[in-house]
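Trainee: Listed below are the residues making up each chain.
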Amino acid sequence: MKSLINRLTEQFKVSLEKQTKSDLCFIRVNKDDAEQLIRHCRDHESYTHLSFLTAIDRIEDNKFTLTYLLHNYQSHQSLGVHVELDRENPVMHSLHRLWGQMATYQRELKEIYGIEFPGSPRLNDEFFLEGWDQIPPMRKEFSTVEFCEERFPIREGRQSTDAKQTMKVEIYPGRGE
Amino acid sequence: MKNEDNTFANNGLLPEEMDLFCNARPVPYEPYSIEVVEKFFNWMRANSLWIMAFGTGCGAIELNPLMTSRFDANRYGIQVRPTPRQSSVFVIGGYSSVKTLKRIIRSYEQMQGPKFVLALGICTINGGMYWDSYNTIKRLDHYIPVDVYITGCMPRPEALLSGFFELKRKIKAGECDGANRYVKNLDWYKDNQKRVIKKWDMPDYNW
Amino acid sequence: MPKMKLKDIISPFYVWQRSFEKPYTNNKPIDERPGAPSYRGFHVNDIEKCVGCGTCETICMNNAIDMVPVENLTAQVGDSGLRPRFDYGRCCWCALCVDICTTSSLRMSNEYAWVTDNPDDFRFTPGVDEKPWDDHPLGYRRDPDYSLLKLERPAMTMLSAEEGLNSFDEVVHGFTPEQAIVEASRCVECNICVATCPAHMNIPGYIKTIREQDFEQGLRLLYETNPFSSTCGRICTHRCEDDCVISHLGKPLAIRWLKRYITDQIPAEKYQQILQHKITENGKKVAIVGAGPGGLSAAYFLRLKGYQVSVYESAEKAGGMLRYGVPTYRLPDDALDKDIDYILSLGVSIHYQTTVGKEIDFQVLYDENDAVFFSTGLNVPSGLRIKGEDHPRVLSGLQVLCDVASQRDPGVGKKVAVIGGGNVAMDAARVCRRIGAEVTILYRRRIEDMPADPEEIEEAQAEKCKFVTQAIPGLIEKAKSLKQVVIQWGEAEMVADDNGGRPRPVLQEDKMHTDSYDCIISAIGQAGNYSFLPEDIKQQLVSQRGKFTVSNHQQTSNTKVFIGGDIANKTADAISAIADGQNAAIGIDEVLSLGMGTK
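Chains as they are written, first to last, in my numbering: chain A, 1 to 177; chain B, 1001 to 1207; chain C, 2001 to 2599.
Bear in mind the hints are in silico, worked out from the structure with no lab data behind them. Check each hint, because a few of them may be wrong.
Stated by the list, open to error - Here are the simulated distance ranges between beta carbons:
1) Ser2011(C) to Asp43(A): 57 to 65 Å
2) Tyr73(A) to Lys2150(C): 42 to 50 Å
3) Ser2011(C) to Val1036(B): 47 to 55 Å
4) Ser160(A) to Pro2454(C): 32 to 40 Å
5) Asp2129(C) to Asn1185(B): 26 to 34 Å
6) Phe26(A) to Ile2030(C): 48 to 56 Å
As the list claims (entries may be wrong) - Sample of chain C residues with no beta-carbon within 12 Å of chain B, all distances over it, derived:
7) Val2068
8) Asp2087
9) Asp2145
Computed from a prediction, not measured in an experiment: that's the story for all the values here. Glycine residues also receive a C-beta, built at the ideal position from the N, C-alpha and C atoms.
Model the full structure from these sequences, guided by the hints.
Mentor: This is the structure:
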């Protein structure tokens, strides 16, 4: 994979992030160079298959990281392309012209992370949520537990007792602070 | 949600769809006045439990062995029908997401009475594994009436079968009033349903 | 059209032969198919064995378990009295609760079918709510060879017995950072030990700070309840470890060593900066008699509440029994000084070599202060109550320890007999070994009956103290040399007690022995000395079996007088004295600031 990385670094502004296995490595590229790089990989490096597109919410860095995982059927190697987006205004170029199924991934990311892909077909159609009225659910600031408590009632009668407090009251009332 | 004449407002429908759906309220089932006849009816109902073939969650997989030769549920009068109009039992197979819940309600309301609901697995009882999921309901009985609960994750086909036996016993004893509860408390059920189903683009009651 | 053969007509009927085969269908599917022998079915809990630690509740990822109070069960030391209630609307039978169960009380039956029309039935407490599967013998159990809990302690590095004999250096080295993290990560944070600790220290809290490597927070937690953490980290009787839930299956956590580890990580100079105690004076005065753990603990907590505290100590240095009764190989002076210096740095005034009753009258303290706390300890050795015990070569264990601690020669000679089986006896014996004497320990019962800490006994044995058990001293006589003494003792037989008490030793008159020693050290117990108390106050104090009766907050029937430490509690150890000091401070504060009595 090294030669591939070398070839790519000659032509694009990419940096190797890490090689996790002998047949899988991740590179990082600017948002604006991503389309060109991925197109190049598809057309000239035989990375013809898009395994998936997903996002990672790095709330501590105020960033989203998109991961495009490409696969080369000839060498059986995979290449992950990381693209960083600003978390406040997450917009990425739509790559649905490279692979038709990209539109579906982009639609999913729009729904669960709120990442915009202008020009992507049916981007704003509901994917698996219907009538979602909160912030996108996979964003880390969305608290599922709080939301569940508020939206979905659970069966009454669940209450746990704290052992420390019980023992304090029953064994040594008044002792200690 | 009610009109002045106690019919449904069907606010979720587009104006041009209004005429396509009925807006009358369902009425509770009245048992036959002669007790013996009603008992006979119940015996017949208990021995022809037709399952609605709608696998709502992972529990649907437990229905398959039930119908094949080891358990051979057909001998108990249990069989699967492909449409709500022909079925009398709805097996909710575990968790149901909000999106599925909408289809469950639609199918349940389209089923002809007398109809019964079997809640299969822990997720229908109190959320189960999905207790903190943003997209699944936690207790099914808030949204549709349930007649028999089977605990397990997943319950084995034997447990499901004992659920059917319990359902049969209840039907024969005339205790299965789930559908009537639904009709009598329809407003409460509809409130609960609409609290979670934010996109209500169907009639208030799916006749 | 091809011609049809006979075979083609008959072949469909071959299937009829199947009607003679055994059918695949189960006739009674529910009865015929029990769960596999180790099936993870419905839960069974042995509530006698369960201690309500709540580890199952913590590990349950589905939030299916609640700890609930149960009828006929109350909390007691080592048992919270709560039992797990399962919600079968949540449980997914992953059996993590069974695998983590600290007592192995929780298991599963192989029953798996439960059908009801009332879903609230599915919340039940196994072992309390009767269920048909309670007696099922089969079902999932934790594999005995496998445990989610770490049951073994990392080995503590210690001086070997030979090395120990040659010096007064500390025997225990303390955990290395790696060991401390390993040990700290064994804690399940059940909080059961908190009730056992007399000072009710936040044990899981400070152990957690070791895992998180936040020792400053650890120190703050320690000082919430115990100003003698460095000391207790070495010599505490660690009753918390007896009730550690891990001890049901493995070795309890080394809670004491972990406490020591935290204090060892922080140099004394940094204490003030980390603890940041701010004191607002409230103008009230409290006198404290005795600068032992009880007195200084009370001084610390009273000082934090803003009282002006004066401590009166008869010895040259503070620390009481910790300094003069505990040898330095168990508690080095600098570890003790670290604690005491911090307490004194808060502005506690201390009067050394001031014996109340001699240099200053108790009545003066009583009149000049708003309250008086005393914990003067048990410092009068009990006599052997045998003939000849006033022989000059009969020394007291406490005196020997005190001499050694003050770096004086105790003058024990080369061949020593120690009488007694408590910690003082063990310490005296080990100290004598270190100054080069041969030591024989005479004890009237068996080794397992000895009140000393097991580890002290083990170490004394390792240091080659000779143990003579079931030996009852009978008579002490003069020897030919003035530097020697002769003791007659008889072998005893253990006789079971008919009333169910522990077996008692009975002297066998025909098995008497006579031995000669350079000295005999008597260490069979101590009593208090209350001669400093004025008669009228003494009259007001109630005592029972040599111990003062006090309220929860150490208050006596004289509302101004508070008592703590060995003279007031049954357990008579450092941590109880520290707890008494803390509670006395609470009690004094209640009386003085709120003007109310205390419970």
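Trainee: Please list, smallest to largest, the hint numbers that this structure does not respect.
Mentor: Failing hint: just 8.
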